[in-house]
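Chain C is already provided as a structure; the job is to place chains B, U and X on it using the hints.
Chains as they are written, first to last, in the UniProt record's numbering: chain C, 1 to 398; chain B, 1 to 398; chain U, 1 to 398; chain X, 1 to 398.
Some hints here could point you the wrong way.
Because identical chains cannot be distinguished in the list, a pair is counted as satisfied if it fits within a single copy or across any two copies.
In silico DSSO-like links for lysine-lysine, alpha-carbon gap of 30 Å or less [stated by the list, open to error]:
| # | residue 1 | residue 2 |
| --- | --- | --- |
| 1 | Lys192 | Lys216 |
| 2 | Lys115 | Lys241 |
| 3 | Lys107 | Lys309 |
| 4 | Lys192 | Lys139 |
| 5 | Lys221 | Lys278 |
| 6 | Lys278 | Lys177 |
| 7 | Lys309 | Lys221 |
| 8 | Lys241 | Lys91 |
| 9 | Lys193 | Lys177 |
| 10 | Lys139 | Lys177 |
| 11 | Lys309 | Lys278 |
Bear in mind the hints are in silico, worked out from the structure with no lab data behind them.
Number of protein chains: 4
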Amino acid sequence: MSSASTISSICFEQGCWFKRERMIRVSDKRVKRLASPSSLSFRVSANSSVKSEKDIRIGLLGASGYTGAEIVRLLANHPHFGVTLMTADRKAGQSMESVFPHLRAQKLPRLISVKDADFSTVDAVFCCLPHGTTQEIIKGLPTALKIVDLSADFRLRDISEYEEWYGQPHQAVELQKEVVYGLTELSREDIKKARLVANPGCYPTSIQLPLVPLLKANLIKHENIIIDAKSGVSGAGRGAKEANLYSEIAEGISSYGVTRHRHVPEIEQGLSDVAQSKVTVSFTPHLMPMIRGMQSTIYVEMASGITTKNLYQQLRTSYEDEEFVKVLDEGAVPRTHNVRGSNYCFMNVFPDRIPGRAIIISVIDNLVKGASGQALQNLNIMLGFPETTGLLHQPVFP
Amino acid sequence: MSSASTISSICFEQGCWFKRERMIRVSDKRVKRLASPSSLSFRVSANSSVKSEKDIRIGLLGASGYTGAEIVRLLANHPHFGVTLMTADRKAGQSMESVFPHLRAQKLPRLISVKDADFSTVDAVFCCLPHGTTQEIIKGLPTALKIVDLSADFRLRDISEYEEWYGQPHQAVELQKEVVYGLTELSREDIKKARLVANPGCYPTSIQLPLVPLLKANLIKHENIIIDAKSGVSGAGRGAKEANLYSEIAEGISSYGVTRHRHVPEIEQGLSDVAQSKVTVSFTPHLMPMIRGMQSTIYVEMASGITTKNLYQQLRTSYEDEEFVKVLDEGAVPRTHNVRGSNYCFMNVFPDRIPGRAIIISVIDNLVKGASGQALQNLNIMLGFPETTGLLHQPVFP
Amino acid sequence: MSSASTISSICFEQGCWFKRERMIRVSDKRVKRLASPSSLSFRVSANSSVKSEKDIRIGLLGASGYTGAEIVRLLANHPHFGVTLMTADRKAGQSMESVFPHLRAQKLPRLISVKDADFSTVDAVFCCLPHGTTQEIIKGLPTALKIVDLSADFRLRDISEYEEWYGQPHQAVELQKEVVYGLTELSREDIKKARLVANPGCYPTSIQLPLVPLLKANLIKHENIIIDAKSGVSGAGRGAKEANLYSEIAEGISSYGVTRHRHVPEIEQGLSDVAQSKVTVSFTPHLMPMIRGMQSTIYVEMASGITTKNLYQQLRTSYEDEEFVKVLDEGAVPRTHNVRGSNYCFMNVFPDRIPGRAIIISVIDNLVKGASGQALQNLNIMLGFPETTGLLHQPVFP
Amino acid sequence: MSSASTISSICFEQGCWFKRERMIRVSDKRVKRLASPSSLSFRVSANSSVKSEKDIRIGLLGASGYTGAEIVRLLANHPHFGVTLMTADRKAGQSMESVFPHLRAQKLPRLISVKDADFSTVDAVFCCLPHGTTQEIIKGLPTALKIVDLSADFRLRDISEYEEWYGQPHQAVELQKEVVYGLTELSREDIKKARLVANPGCYPTSIQLPLVPLLKANLIKHENIIIDAKSGVSGAGRGAKEANLYSEIAEGISSYGVTRHRHVPEIEQGLSDVAQSKVTVSFTPHLMPMIRGMQSTIYVEMASGITTKNLYQQLRTSYEDEEFVKVLDEGAVPRTHNVRGSNYCFMNVFPDRIPGRAIIISVIDNLVKGASGQALQNLNIMLGFPETTGLLHQPVFP
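So here's chain C without its partners, still in its complex pose (with noise of 0.2 Å):
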C-alpha cells in the first residue's frame, strides 16, 4: 500500500505520471484511488476475494448480455474498478460462468435479480439493461451512485420523442433533465460532472464523430448526408431470434429497419444541436455476417470552396491528441478488421467522383467503441481516471 502510494507521489511531483492522461482528482470519499500495488498490474483477480482487491466497486445490472459480458472482460484488467454486483433476472442464481464460459478465469459475484441487489454496495453502475425498462429502474438507485446507461432510454433529450421512436412515455422525466450524453471525444468536460451519463448507440458513435467537426466547422452541408452503414450482429443482442441464427446470417447481407432505425433520432438530435438547425439524415442500415465491427459509409456534400483536404484537415486537428479516434492516413481506407476488440475509431475522408462531394468512413467495434468500451472510457472520467484505463487493448487482428 504505501509502496503504492509513494509512486503515486514521486510520480506526480515529477509530473511525469500519466503524461496525456488528465489530472485525477477524487472529491468523493467513496473513490479512494488508491493505486494499490495490485491494483497497478494487468492482470486478473481470479484468487482473492472480490470485496478486497481494486478499490472502486462496481455494479453491473443486465450482466447476461453481450454488452454486459464486454464490459466483464475489459474490466479484468482495469485496476481500480471491481465488479462486485452482477444482476441477471432470467439468470438469477447462476454463475456468470456457465452464461459466458469464456470468463471462466475470473473472480466474480453470482447473478442475483436486479430486485435483490443491494446498492449500497457499490459506487458505481454499468446499466446494460434493455431499452424501455431501464428508466424504471435508474430512478429507483441511490442518487450517490455514478452511472453509465448503455440502453437508449436516456438518450433523446426530448421526450416526446423519445416517446414517438419508443411507442411508450417516458418514465423518468425529470431524470433525463440531468443527464449527459457521453461521446467521449465530445462531451469530455461534460461527463466529468455527470452524474448518469446515456452511453451513445454504436450507430450514433461511428456518424457523430466525423460529422460533428465538420458541421461544426461548417465545412459540409446540412441537407443530404446519407449514411450507409453496416453493422456486425453482436448489435443485436443475445436473444435468441430466427433472423439472427448462423444460417439466416453467414453468407449474406440485407438492410434492414431501412430510414425507420430507432437510432435516428439520436443522430439527429446530435447533428442538428451543432448544426444549430434541424438536420434530416438518410440512414440505410445493414446486417453483416460478422460478429463484430461498424462501418459507415457517409455521402456528403461539402460547403461552397471547400475541399477533402479541408475536410481531412480538420479531422485530423479535431482528433490529433485522441488515443482512440485515428484519422489514417490520406488514401488509406479504414477496416473494421484494424479496429476488432478495441476502443478505437478509425476514419478517413475521400473525394467523391461528382464534384462538391465528399466520402467519410469510419469504423469502430459496435461492442467496444460503439457500447461498452465507451462505457467505460465515460465511467473512468466521471471518476476522475485516466479515461484509457482498461481500455488499450489493442486491435485483434487477424
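Chains B, U and X in isolation, oriented as in the chain C frame:
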C-alpha cells in the same frame, strides 16, 4: 431427331409450350438444336462421349477460374449445350476435376492451352480470360463462332475510355464496333443478332437493372446518384492474393477502389446512354465476408412531383414479364441470401427520410446473374434457345 | 393434357427416353406420369396453375423448416412432382414466399394447418415434421399415399430403443413394422416396394455409406470404430435458439452431445445389421461454423491381413455404378465444399500411421444427401421414376 | 545477458518469484525495471520514444507475419518489454502500420532487413521466421541474447528426424543440444535457465497439455491414441495461397496432411519422452472456416481399471495452480470461442460409449497459447518476470 422436332412443332402449334420463352429459329447449320431425347432430361453426361451428347458444342476459354467453373456447373443441366473444349494455360494438361473437384461427376474434356485449341470443333465460346488479354485472343477466333466475353475488354464503346481505365490501348478496335453489350433484359433484341456479346460486370448489372428504367421514364434526376455497393469475395477471382485470404476477409468489411473502381465507366456509359447526357455517379464498392452475393444500395433524387410509388410501379411494369428480375412486394427487403446460386435479381424501392429522395436496393449472385448465368442467358438468346434454358436453378438457401 | 400423354407414349415406345435411368413402371392409378410438355423443360411453374402442371401431386408436411424448403427447391426442377399441398401449423395462412423469400419465383400453394389438409388430393407426402410428433400424424394418413418421413420417428426398428432415446413411447407400433429404412444405395430394392420410408439422419448417412460395405466384406473389425463427425449448423433447423445465433457459432467450433447424440442408435442399428452382431461405436459430433456440409472422419481397425488398398478397392467396387456416391482418386481428400448444394457423397480411405488402422473420410451436404435430396431420391424410386430425377444439380462452388 | 541472468538469479535466490507476480528487483542499467509509473499502467507508448519507454528491448524477427503481429499486440500492454527492432525482409523500409494497420496506435520501429539488424541493441529476440531458414539466422545471433524461436527448426531433438520431415539437414546441430522445448506448464524449470527456447507448435501444445500428465500417471495406454484435430486458418500464415482464399475456406471443412502433418514427430517426441517408450499416434488435422482457434479431440484407451473420473481428477490436480490451463467443470464442453484472443487452454474429459475408452477435448487460440502468447510466457520466465505478465487479456467473445 424426329421425336424432338415433333415435340417442338406440337408445342408451338398449341401455342402453349414455352409460354414465356421466345421463338427459336435456327439458321446456322452448326446449330442443329436437335432436342434429342437425352438432351431434354435434366442430367449430367457422365457416362457417354462428350461430343455426341448434346447438340451445341461449347468452347470455354479460361476454365480454371470461378466464372469458368460456374459456366460448367450451369451447363451440366443444359439440354443443348455441351462443353467440348476447355482451355486454361497454366493448368494445361490437367483434368477439370483436379482443378475443381466439385465438378467430378461430369464428363469434361481435358484442359488445354488456348494456343492448342481447335476452334473449328466448337459452335460457340464463353471467354473467361482476364481483362487485358482477351481482345487479342477473340480477334483471332473464327468469325463463325458465337462468343460471349465475360471480361471487361469489350464493354466500353469508347476505346479511349478503355485505354484510360485499363492503362493500355485497345487491341481490337474494329471488333469493338460490332460488340453488343449484353445486359439481357435491356438489350434482348440486339443480343439475338449479335455475334460477339460483351457480358456486363457484376456491379453494372446490379445497378443498371433498376436505374435504366427509371432514368428512361425520367423519374429520377441524373445528378447525385450515389451507389453504395457490397460484394462477396468470389468476384475477385481465384488468384492467390494476400488481401483475399480467409484471415483477411472473414469477420470484417472494407471499402476498396473508392471512386476509382473500373466498373465506373461501364456504369456511367449505360446510364448516360439512357439519360442522353453524361451521368457521373458516386460509386463506392465494399468487400463483404461472403463468397457470393452483391447488393447495390442506391440513393437517388426523384424528379419533381415523383414519389417512390411511381418508381416502384415503373419497375414492376418494366419487369413484370421477366423470369429473372423480380420486384419484391412493397416493403420487402431484397437479401443476397435469397438469390444465392441463382440467376435472379431481386429489387425494391424505399422512401427516404429526406423528402424527394428514394432508396433502391438490388441484389444478385455476382457469379450467376453478375457473370456466368447472364452469359448463358445471352448465349441462349444468340443461338435461338429459350433464354431460361439451364438457368432455372432455384436459389440455395440456407 | 392430351399432348402430354402423346409425348410420353412416343418417348416410351422409342425406348430411348432416360438412357441411364432405370425403367419406369407405373402400376398405381394415382401415378399418371404424364410427362406433360411443360414438365420436360427445366423450369419453374411460375405462370400456370399448380394443379395442372405436373403429374404427381406432392404434399409437404412441415414446410416452414429448412428441409421442407430444400424439398421445394429440388422439386422446382423435377419434371413430374409438383407440390400441391403444404402445411406449417405456426405459419398457416402465410405464403411460402413470406416464409422463404428465395422461393418467390415458384408458384406454390398457401401454407395451411395440417389438420386442414385434404390428403385425398395428393399422391405422395414428404413429412418434415419434428421428431416426436410425426408418428401420430403419419398413422392418420390415407394408406394409399406414398410417404417419406424425414424425422427420426420411424428410423429405429426396436421400439424400446426409440423410447429410450426419445423419452416417450412409440405411437405407431404397427406402422413401424412395414417401414423401410431409406439409405438409398443400400436398400434400393426394398424402397421400390415401400409405402413408408424412414429417411436416414444426416450423420447415419455419411457414416453407413462407407462402413456398411466394409463391414459386409469383413474388411474392418467391429470394435473400436471411432467416428469424429462435423456438421454445419443448418442441421439444427430454423428454431430460434441462443446456441445457434451467428454470434455464438461463427469463428469457433465445439463438440456437442458427446457420446449421447440421438443418431447413435440409428448408426449402431445399421452397422449391427450388417455385422450380424451388436456394434458399439464411439461417436462425437462437432458443430462447425458453416451452414451446410457434413464430414465424418472415421478411424477403424482393419481385419487381419487387410490393407487400406483393400478397403479402397471394396468401396470403389461397391459404388462404381452409383451416380451419387463417389470414391475419389487415391489420396484425394473429400471436402464438404465440393458437395455443397448437391446430392453427392464423396469419400476416400487413407492409411493411418498406426499399423493396422485406416482413416475413412466421407462428406455430404446435410440438407441434401443428408435429408431432402435422399428423400426425393427415395420417392423417385417408390414411384417408379429414375432415382436421379430432379437431383442432378451440381455442387455450388465456390 | 548478464542483466537477464542477474535478474533471474536474484529472483531465484529469493525463491519466491512466481507465485503470481512477486517482487522484481533489477540491477542492470538497461534493465531499469523501475516499475516506473509509465510502465506500470496498462497503456501504449504512442507518444514517447520507443527506446526509453520500457526496460527490456525486444527484437522481433519476421514481423510481417501473423505470429509477429500477435507478439506486437501482446507486448503493447507489457509493462517491461518494448519492441525496438523489427525485421521483415520483403517489407524492409515499410512501417509496421502499413503492413498491419491494426497496430497503428503503437509507436514501433521501422521494418528492416534482418541483415541490417544491430543485435547489440536488444536484450531478447522473438524469432518468427519460416521453418528451414531459422537455424542459420539464430546460429549467427550474439550468444548474450535470450531467444524464443517460434519456428519448427529447433523443436526436434533428433536431428535425423528433422531432416526426414523437413527434407534438409539441420544447419545448427551444436545449438540444438542446448535448446529447451518450451511447453511452459510442463518445462517451466528448464525454461528458467534456457537461452534458446523452441516454442512448441500449436497442435503439439493442444495435445501434449492433456496427454502428458495422463501418460505420466500411467492412466492411459500408449497405443491407439487417435487425435482428430481442427484448426483455424491463421495457422497457415499470411502467405498468398489459393487454398487459403476466403472463397476456398469459408463454409466448408477439410482434412489435410492426413497422417503426414509435420507436427507428428513433435507430438510423438513429447509423448514418447513421458511414456518412456516410442509412442505412435494417429493424427488427422482439419482446416476449419475460422481465423483463430484449435481443438484437439483425442480418443484414448484407458489403463486397466481406470475410469474417466481418474483422468479428470489427474488433470484437475496437474493444472490446479495454473493460470492458463483450465480443466472445466465436469460435463462442460470446451469451445474454441471461449479462448479466442487469449492465452488460455480449456480442456475436459468425457466417457466414451465404448467401454474402457475416453474422449479428451482441449482448445486453444492457435496464435496465442499455440504461438505468440506461449512465446511471451516463455520469455517472461527466461527473463525472470512473472509468466503472466502482459498475457492476462481475457478471451474475446462473442
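Going through the hints against the structure:
In the homo-oligomer, the alpha carbons of Lys192 and Lys216 lie at most 30 Å apart inside one protomer (22 Å), although the nearest pairing across protomers, at 57 Å, exceeds that limit. Within a single copy, Lys115 and Lys241 get their C-alpha atoms as close as 27 Å, and across copies as close as 27 Å, so both meet the 30 Å cut-off. In this assembly of identical chains, Lys107 and Lys309 lie within 30 Å of each other by CA distance solely across copies; the values are 26 Å between and 50 Å within a copy. In this homomeric assembly, Lys192 and Lys139 come within 30 Å of each other (Cα to Cα) only inside a single copy, at 21 Å, whereas the closest approach across copies is 56 Å.
In this assembly of identical chains, Lys221 and Lys278 lie within 30 Å of each other by CA distance both inside one copy and across copies; the values are 12 Å within and 25 Å between. Only within a single protomer do Lys278 and Lys177 lie at most 30 Å apart by alpha-carbon distance; the minimum there is 21 Å, versus 53 Å between protomers. Proximity of Lys309 to Lys221 under the C-alpha cut-off of 30 Å is found in both arrangements, the shortest distances being 16 Å within a copy and 28 Å between copies. For the homomeric pair Lys241 and Lys91, the shortest alpha-carbon distances inside one copy (18 Å) and between copies (16 Å) are both at most 30 Å.
Taking the closest pair of Cα atoms, Lys193 and Lys177 come within 30 Å of each other only inside a single copy of the chain (14 Å); across copies the shortest separation is 63 Å, beyond that limit. Only within a single protomer do Lys139 and Lys177 lie at most 30 Å apart by alpha-carbon distance; the minimum there is 12 Å, versus 66 Å between protomers. Taking the shortest Cα distances, Lys309 and Lys278 sit within 30 Å of each other both inside one copy (27 Å) and across copies (27 Å).
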